[in-house]
Amino acid sequence: MSFPELCIYALVASLILSFFIFMFWRTRRMHERQNVELVYQNSFTNLCNQLEKDLAGCNEWKIQNTIGSSTSLFIGRIQGEIVYDARPETGDIVRIRKDGEVKYPFKGERESTLKTMEFVASPHKANYLNLKVELLASPSIEFSHEFSVRVSVDKNKAVGFFENPELKERGAEAHIGKKQH
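The opening residue of the sequence shown carries number 79 in the numbering used here; numbering runs sequentially from there.
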């Protein structure tokens, strides 16, 4: 076998190997993206459910932009104040009450995953709030939800759709179609 033939065989083998390496890399990246979307979608859904309950029947609410890119949402309820603090530097939205805090994570293992995380009041509608979380990816991953804030007219009673703003997990005994005794 001559040297030119050997070079041609090596070139063809390296091209084939490069193709398979690229395909494995691409498949891994797609799998990672799907996992990231699933984890963040679950976190976003839990956050939206809790935020919907906190906003229902609240006495007041306001958005405050702080130094940097942090945004805070203050919700005044008869039970006490609830603060949602969007912290892009840590990749979390933290729900803070007097009895504790809950973190909703939106940052993965890569440092540059998070692009924006913000609460925005709707300029076109009164008492509407938009939550937006955007992650850097190719293409980018964006979660957005609009909330209708139901402000209570009675400032002395916890009047609203949800008296207790805590979101509780359903137990194993909860079944669809069966009566609870």
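Check before you lean on any hint, since a few could be wrong.
[Said to hold, decoys possible] Within a straight-line C-alpha distance of at most 30 Å, the following computed DSSO-like cross-link-like pairs (lysine-lysine) qualify: (1) Lys-176 with Lys-140; (2) Lys-181 with Lys-193; (3) Lys-210 with Lys-176; (4) Lys-176 with Lys-131; (5) Lys-193 with Lys-210; (6) Lys-185 with Lys-131; (7) Lys-203 with Lys-140.
Source of the hints: derived by calculation from the structure; they are not laboratory data.
No experiment lies behind these values; they were computed from the predicted model shown.
To see whether the hints hold, each was checked on the structure:
Under the criterion of a C-alpha separation no larger than 30 Å, the hint pairing Lys-176 with Lys-140 is consistent with the structure, at around 18 Å. At roughly 18 Å between alpha-carbon atoms, Lys-181 and Lys-193 fall within 30 Å of each other, so this suggested pair holds. Only pairs whose Cα atoms come within 30 Å are accepted, and Lys-210 paired with Lys-176 is accepted, the gap being roughly 26 Å. Between Lys-176 and Lys-131 the alpha-carbon distance is near 17 Å, which keeps this suggested pair within the 30 Å criterion.
For the given pair, Lys-193 sits about 10 Å from Lys-210 by alpha-carbon distance, which is consistent with the 30 Å threshold. Between Lys-185 and Lys-131 the CA atoms are separated by roughly 24 Å; this keeps the pair inside 30 Å, and the hint holds. Restraint check for Lys-203 and Lys-140: the C-alpha separation of about 15 Å stays at or below 30 Å, so the hint holds.
The structure fails none of the hints (numbered hints given earlier).
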